[in-house]
Each structure stands twice: as structure tokens, then as C-alpha cells.
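Participant: Respectively, the protein sequence lines represent chains A and B. If you're matching positions, the first sequence starts at 1 in UniProt numbering and goes up one per residue. If you're matching positions, the second sequence starts at 1 in UniProt numbering and goes up one per residue.
Be aware that a few hints might be false.
[To be verified] Quick partial rundown of chain A residues pointing at chain B, CB under 8 Å, derived from the structure:
id	residue
1	Val73
2	Lys75
3	Leu76
4	Arg80
5	Asn280
Hints are computed from structural coordinates only; laboratory data are not their basis. The beta-carbon is built from N, C-alpha and C at its ideal position, and this holds for glycine as well.
Chain by chain, the residues:
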Amino acid sequence: MRGIQLSFSNTQKLRLEKALAQLESISSKVNSNATVIVADTIPVDEDAALKGHGTLEMGKNVIATVCGVVERVNKLVYVRSLRARYKPEIGDIIVGRVIEVAPKRWRLEINFSQDAVLMLSSMNLPDGIQRRRTAVDELNMRSIFVESDVICAEVRGFQHDGSLHLQARSQKYGKLERGKLLKIPPYLVKRRKQHFHHLDQYGVDLIFGCNGFIWVGEHVDVKDAMVEDQVNKPDPQNTNSASLLGSSEEPTYTPLETRQYICRIANAIAVFSALSFMVNLEAVMETVTLSLSLNLGVHEMLEAEFHVQVAEQEAERRGTSSRRK
Amino acid sequence: MGSFKRKSQEFDNTPPSKQLKQNDLLGVACVHDVSYPKRYVPSTSTFTLPKPAKEFPFTLDPFQSEAINCLNNGESVMVSAHTSAGKTVVALYAIAMSLKNNQRVVYTSPIKALSNQKYREFKEEFSDVGLMTGDVTIDPNASCLVMTTEIWRSMQYKGSEVTREVAWVIFDEVHYMRDRERGVVWEESIVMAPKNSRFVFLSATVPNAKEFADWVAKVHQQPCHIVYTDYRPTPLQHYIFPSGGDGLYMVVDDKGKFREDSFQKALNALVPANEGDKKRENGKWQKGLIVGKSGEDSDIFKMVKMIIQRQYDPVICFSFSKRECELLAMQMAKMDLNNDDEKVNIETIFWSAMDMLSDDDKKLPQVSNMLPLLKRGIGVHHSGLLPILKEVIEILFQEGFIKCLFATETFSIGLNMPAKTVVFTNVRKFDGDKFRWISSGEYIQMSGRAGRRGIDERGICILMVDEKLEPSTAKFMLKGSADALNSAFHLSYNMLLNQIRSEDGHPENLLRNSFYQFQADHALPDLEKQAKILEEERNSIVIEEEDSLERYYNLLEQYKSLKRDVRDIVFSPKYCLPFLQPGRLVCIECTKVDVDVPTFSIEDDVTWGVIVNFERVKGLSEDDANKKPEDANYTIDVLTRCIVQKDEVGRKAIKIVRLKDAGEPAVVSLPLSQIHSLSSVRLVIPKDRLPSEVRENTLVKISEVLNRFAKQGMPILLPEDDMKVQSSSYRKASNRIEALESLFEEYEIAKSPFIKEKLKVLHKKKELTSKIKSIKRAMRTSTALAFKDELKARKRALRRLGCITRDDFVETKGKVACEISSADELTLTELMFNGTFTELKVEEMVSLLSCFVWQEKLQDARKPREELELLFAQLQDTARKVAKVQLESKVQIDVENFVSSFRPDIMEAVYAWAKGSKFYEIMEMTPVFEGSLIRAIRRLEEVLQQLIQAAKSIGDIVLEAKFEEAVAKIKRDIVFAASLYL
């Protein structure tokens, strides 16, 4: 039952099992017998194979070092691990929480085996002005982020000592405020072109961090008119300037309605995560619509019945999409 | 902004009194203009800095202080001036200002060597300077970073912290943007540059500097100033040296006046090239220049001698090929321009520079042959030299130990290395497919080396002319305007992948902001105007009875095309081959006098000749051999009367004329399509057709035959009866021709005496209409996003190769290709994923990779050994596959061209180098220039570094280690000897 901690009635159990079985039948066609566990030998046809992540050459055999699915691109063989900690790749968008303000850098928890580092120099200053390299800057670091702030950034790369460095490329990266942080298993977030989403109809921003941290928060508008900016998208989050100037100029609060939407979306994601379904924008939106059409209260979304309904809906969705193929 | 009087000039430490008088005559003007972005409100308050960031020990030129004022106001500036004018001052000021404000500044230049030199220059001035080129990295955390533009671009893609801290970006030699291959790098870097930084663009004089500034203002939403000056610190005099003559003729004086009379005198003094064709053998233009007539000194020798006598030294002699450069220097063998003191100095400098080389490398022929030459005050400078030698020569030249330097065009860019005199040994330059005149822009750039500021009163440019040239050509070359700065934008896969990969990146955005798009948008009003003018012109043409005339015209066209169809059928190889025996009389079309004016009569302009032979045309592809004889192309050799002309380049142009006209009898090869009809008459033709009389006699015979049949007409092979043409399409076409012929009778208008003129007018009108159509089409395409279709096609190719997914997510393969920017990314990625590198030994792998970095074509390169040959074949297969995928995705690409762009020429040498051979050993293996080989190996190392990153990203540790081993194996000795400037 995928470890779901809910009390189901008998019928609900049956319905859920049926939906899950249906899903399994669809997916099983895709990767049959490609799953491996640690120390399994991976069949490789030639010597010329490239051994990618999660593999190791032992004598003449190539063996798996993680549990997962064997993937092949031409002659590259690698194992995509299932249910593992987050493994960063350059260019990933992540959401993390500041755990320490250190000299010239912030340390972030990002669900990786070590903490990530965000250098002061990798961070944009409020209003995007060019940094001056002065000591004052370092002293003012706390005015940008303090401990337990939630931040969104991009993985820049590994340093020679193996530490992970982050960067904020543009104004839309930075502090996240007025919202909710969800932690789900990172393998449920698929890497895509877009990880930032602005849900116009709800006035909500949704950021799928590749590390399984998901941010649902009030939409923040751009203040400065950056016309035709190549870096800034139409919906950048100007959180920095908001946070600095905001305290005095914006005594407004997030409207109740928006808060409810935030919770509703968060709960939809929670349901998905509980069912171990891949989380993506379309699925989440559908689930939110479903909950609205069923006239469910926000808290009711976490009850067993809704889980079953979501599973059924998902089975149907994937069924039709796979049939269409 | 007005003109200023130049007060004094102390750029070099010479007393200004000498220049004063002359400079008073010269107005030193500079133009200052500003481009504001739309909706931009310029702040009125120009706050002045309390203290300038940097004081210069000399009075600034107006254009310099103008530019520095802009910097002080914190606004971007584009400085467009001649090389010697002193643009560096502006760059120095920008650096000083940033350092003062604790901000970072980036200086980019197009060439690694130039970056090295600038690094040294800046390092002496400010201490906090770092250098990043593909070869070396020094202190990358410094506040002022000197780098190549490519590095700056990749930094922006990778998102370095520098981009967040850089306040000023200085683009030197920004006119490189028009470079066909690399120009796009500048556009990418400028478009992606941080929005809050300011820019300094230094460029040679470009006429459209304003357009460029407009673009920057638009893309970055900030004002951009233009400071433009034509001013040269030392005025130039231009002379012509006619080949074979013995004097100089001043054609442009130092006030810029063209002297027609002395130009004519110079041309008259030109000794007619008596060797005629021999001189042009092997495409060498300068035979006379190099060899000289027996017993006499060569022109260049005479020239240099004269220059030394007149004390016009030091002199730079530009020529356009590396080999020629060396040959010319060899001519100077008899000359000694240095005294003993200088010789000792040169030797000391030379050996202290060569000290870092190993003993074996010191014995390299290039090294040991160079010293005697240098000691005599003669130098050579081109890209084929060892980098270290090049640098020594630069230093010696700057110190004044080299009096006469033979250089290629590359010497004309970059660091300030002026001479008193500049000589152009050639007025033509080979640009890949033909010899063309030097453009005025190139002339300006190279002549910019003439005249040392503060030392020479004037600079001297000498043009060696070996053929007649029109005054207008010469005027254009000597006095023409600089080349415009035009975009050379093109897409590359690496660029697309990098754009797609980053969350905010959209290739479309880059395209929309490119200078190319900007220029296309700019050209729109022009096109509109053009279309309007043409339309007016068309409407002004009024023709009487236009309708019936037009019908008649259409009829004629139809008739002609039908005739063509019939002829194509009848004279397709299938039918006519059996009749192409030697000796058959054949009716062929005369060559039209003027191709542009079509004939409107029904009668064709034809003549007769006799078939000598026919031949199958050999196609380029090999599968031609499998074609049936019917499908292949054939040419026939026909003996007929022609006028043979030779054009300037020595190509023969043959015009076929009527038998009765004047001309020589000659055998010409014609395609089958030029046959008008075949006669049933055959002549006996003599076997030996070499003597002209024999040919003449044959032609006489033809005329006799023609006369004999003059009354009843030549008996012609009838298509249906004689040639057995049995095709329904033939019959249909010939029926229609008959029908049309009868129709002609009905046209009254055809009988009008002016019918031909009228038709011509109508034809012109039609042409105008089609021109208007094509302009309108051009207008439509430029309003659309440039490169849109190509972008789509390229994305399709990336998808098919599995680099990106349907929804623009970059896959593993794409991530690998992202890392590779110094070689063909797709082919290399494909090779990697096919496991080619995994199987190979390190040396073999390095050798294979050398094909990616070597582009020069060698004629007589030795074939690599079998194992390497096999590898190369594998590479070609992969390349072909990649090219085919691109072609299928509708990317415009010539598959074979692409495949042959990989050259195996240095595989063997690089293999040996990786094995640990000495440099002189590998030089013996290939007939290439030392410098070229070194450059290739250095680039190879760059590619390997990128491959290490790529291997890291797919997680193959073994492969990564292998690449690292390869780097270690090739990175040694003379090839990676550090630059003297560092």
C-alpha cells in the first residue's frame, strides 16, 4: 500500500488497489527487468560502454552501486536511483533553508548529503545593482538572509573540495516569503525546462525545487519595469527588494483567499507525495480543480477518500495518455 | 560636438615643439553623439566627480577627454578611432575608475596574444589584474580581469560571480564582430552581459558606429555614447611603387588629396609584364617580386634599399601569405641594417627569451635560422611562427632592433607597434576562392601601423602595384571609407543548448536582441523606399496596345519553352548518342553577346560546326558510375569558329560566333543542351587537329557543304524518322509548336516595325515587377524573426540526436554537448556516447581529437598509418551520420563538406607528440608551420579540458581519468611554453 498512513474503509482499499494496479500495468511496459539492486551485474554488450553514475567496473563486469533503473543512452550505461537522497546536477533549481550565516557565505540545507554553499558574491544585491567589493557588504549579509529563511537558487557546480555551490542568476531567485514549504521525496520531482510557475488564477507562485522542496507562496510582482529583459522573465519574483523595502511600505497581508489556495495546492502536492506519484504542474492543477469541483474543504483533501479519488483520476489520466500514444 | 585645436602631443616623451607647427594646421575633430533607449529620460544633472580616477601625464586628445567624460557620468561609450589614435587611454581610465570604486572590471580582446600583452600592460599600471585565456589563468579573483571574449561568454553561460560584480566591461577591437566565424561571440556576450554594468567599446573606425550604439542602447536600456574620430596623430602619405620601375610616386598627400597626375605617371612607369602567363603560374602573383629578373635585384630588394637610403625605416612589409612572407625575407639576405652593438643586444635578448626552451627545441630550424636574420635587422612575423619567436620579434621590433619586418595581416591588429613606413607588397589578396583587391577597410587597418606618434612627422604607405589598376579602384582602396560593422550572427548548437539549459534562457530572446535582427529591422524602411522607386519606374513605362503585346509576348515565351522541351527530348543522350559520331555536322547556338537582353525573334542565332568527340561528364559522387549510360551527362567537343579571350585572371572565355565572322577555329566542349540540330552530313576530319591550318581547312570544308545545300537547306536528322524518337511527350510538344506557329500569323502586332523594341520594353517591365516581388519578400522575412526557421530546424536536429526532449529539457547527451565549445560539439558528443574514446589508447584518442582542431588543408600530407586511418574513418562515419540527421531536420548543411571539414593531416604528428616525441621530430613528420601545429595542440588541450567536464557530468570516472592523462601527455615543452609577456 505504498506505506500510506491512513485508515481506509474496505471499499476504499479495493478502489485504491485497483487504481494502483492499473497504473502499474501501464508503467510496467516501460521498464521491464531493467531494475537493479546494489551489486547486480549490468549486462553490457561491448567493451566500449561508458560507465556512468551508479555503476562500477569490477573486473570484467559492470555492477550497480545503487538500487534503481538502468538507463542507456547509446553506449552510456547508468543507473537512475529510485528513492534516494537528492543528487544535485548543475543547473538544477532548488529550494533550501538557510542554516548558517558564515563569512562571505550562507550555508543551506537542501536535502543533499552535505550542506550547500551560497556565496555572497553569487547572490544578487537588492535592486540588482552591481556589487562593490567592500567589507560593509559582508557585515550587511544578515539584511539579505538570516537563519531559517527559505531561499530559491540554482546549482552552480562543485568546487574542487567537493562542496556544492549555489548561485542566484537573476532577480527571481532569492528569499521566499509568505508561503509554505513542502518537503517531498526528490525523485518525485522531474527535471523540466520550467520549475517556476505563476498560477495566475490563484495568485500563487509555485516552485518545484529539484531537491524535493516545493514552495507554494503568494505571487510577488515585479516592481521595477525591466523592459524586454533577457534575464528576467515576465514573472520574476522580486523578493529581495520586497523584503528590504517591504517592511515599511507594505503593511498589507496575504488575503485569506490566497492563503486558502496556497494550502489547497500544498495539500494536493501532499496527497501526490503520499501516493508516490510524480509531481508536476498539470497533475497538481488537476487535483486542485478536482477538490474544488467536489467542494471539499482544504483539510478534507488529506482524508482517505480524496486520496482514492486522486489515485483513480491519475490512473485514468495516464491510461488515456498512454492509449493515445 | 565641434572641432578642437590640438594643442600639444606628448604621448611619447619627445619635445612637442617639433610637432606644434604642423599640428596647428590640422583641425583635430571628433564627433560625439548619444543613443538613448526609447522612453529614456536623460538626467539633466551631470554631477562631476570631485577628482578624476586617473590623471594622465599628457594632455588628452579631444576624443579621449570626450570619452572619459562619458565614463565619469557613468554611461557606456563606444570609441571608434584609428588603431594608433590612443583608445587604450579610455580603457585605462575605465579600469582605474572601477578599481577606485571597488568594483570589478572585465577587459576582453579577440586574440590570446593580445590578451597577454594587455595583461602585462595593465599589470604594470594597476597591480590587481588577472588573466584568463584558454591557455593560462592567473589570479582569477583579481578586480580587473583580462580575458578573451570566448571565455567571457562561457563565464556568462555558467554564471560566474564576476558577472554580478562587474561594473564595467571593456570590449576591445569590437569590430571583430563582423568576423564570419567568431563574430557571433561578441553578439552573445553583449546581449547576455549583466544589465547593470556599463560598457566601453573600442573599435577601429566604422561608419555605422551610431547604429551599433543604438543597438546597445536598445538591448541594455541605457544610453550609449559614440565618440568617433578620423584623426590620425601622424598624417599619412601614400605612394605607389610600380613593379619593375624604380621610383615612388606620391598619390595621396598628407592632406588627403588624391593626385591624379602622379598616379598616371606611376602607371606609365609600370614595366609591362613580359612573362605574361608564366608569371601567374600556380596562382602566384608575385613571381617578379620574389625572383626578380635575372641579374637584377628583385623589386622588394630595391624597395627596401631605397627605404633605408631615404631613412624611412623602420618599415613593415605586409604580404598576404605566410610562405610569401618568408620568401620575401630571404630576398634580403644581402642586406645588413644593424651595427655591431645592436647585434650583440639582439643576441642577448634572443637567447634570454629562448632560455626557457629545452636544448632540443633550441635547435629547431625555425629558431636557429631566425637569429642571423634578426641580427641583420630583418624580421618575419606571421601565425606560422613559434609563439615564442613571434613574441621575441615583437619585442625586438618595439625596441627598434628590427628595421624591416615582413608580416601578415595579423600584425595589424592589437598592440601599438608602429613603424615609419608600411609597404603593401600586393594589391590583391586571396580570400578563399579568388584574388580580390584589398578592401579600403583592410587598407585603413594596415596603414594604421605607419607613423610613430611623436617621432615621425608623417607616416608613409607604399603600395607595390604590378598591374594596371583604374584610378577609381585605387582611389577607393586608398581613400575609401572603413568597412561597416555588420552582424555575422549565426546559430550554433552549443549556443542553443546553453540557452535552453538555463531556466531563463530562451534562444528566441537572444535572436530577438541580436545585432543581426536590429540591422534587419533597420533596413526595413530602406527596402520600402526601394520598392516604391521601382514601382514608380514600372508605372512610368507606358506601352501602346499593351494587352495584345503581352499576349504576343506570352505566346513567344511559350513557343520558346516548348522548343526547349522538344530539344531536351530529342537530344537526350538516349536518342542522340548513336549519332554523335566524329565528323557529323552539327548546328549549335552562338554565344549570346549580352546575356541580359533576350532575343525575341523566332529565328535562333545558330552556327555550324563539326563533332570531334563526345565524352561523359564525371560527376562528383561515386555512384555516378552505376548510372545507366542514358542518364549520365555528356559533353561534345565541337570544332567551330570562336573568339578566344583571356580575362584578367587568366581564364579563357570562349565565344562561339558565326562561321563567316572573324575568329579562330577551335574545339570547344559543349553540353548536349546547346545542340540545335544534327545534320545527316558527315565529314572526314583529319586526325591531327593541333595545327591551326588543319582546323581552318576543316571549317572551310564546312562552309562549302553549307553553300552546297544553301538552296534546299541542310539535311537535318529528323527526330521521328531518323533518330527514332518515340515518345508521346515529344509528339504532343511538336503538335503544339505547329499550332502555335499558325497562331503567330494572327497577330497584327507582330508585323509592326517596332515590335522588337516594344518587346524589350515589356520585358523590362516584367523584370521590374519580379524585382519588386523579391524585395517585398525580403521585407516579409525581415519583419519575422531572423533565423526562426533555422532555429526550429536546429532544435529538431537536437531532438533527433537525443540532446533535448520535446519540451526543451536538456538530456544527458545535451549536457555533454553544452560543455564542448572549442570543437564540433555534436560529432564529439556522438563519438563519446558511442564509446569510441573508451576503447582507445590515450595516444590514439589524442590523435583522433586532432582532426577536430585542424582546419588547414594540406595538399601533400602523408596519410596516417592504418590504425589511425581506421579511426579517422570511424570519425567520418559519425560525422556523416550527424550531418545527415541535420539535413533530415532541414538544417542547411552540405554533408560531404561537413565530413571533409575534419582533417587527418596532423594525426600522425599529434600521435607522436602524445607518445613523447621531441618537437623537432614531429615537425619532420608534417609539412606544416610550427606555429600552426602549436596552435592546434593548444586548442586540443582546450577541447580535452572540456571533455573532462563532460566526462564528469556523465559520471564515467575511467574516461575522465583518461582525458586527464591525455592532457598531461600533451602539455609539455615548447608547445606550452609560457608567453614572454607573462
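Participant: With reference to the structure, classify each hint as holding or not holding.
Facilitator: Hints versus structure:
1. Val73: 6 Å, holds
2. Lys75: 4 Å, holds
3. Leu76: Hint on A/Leu76: holds, closest Cβ of chain B at ~6 Å, below 8 Å.
4. Arg80: 10 Å, violated
5. Asn280: 11 Å, violated
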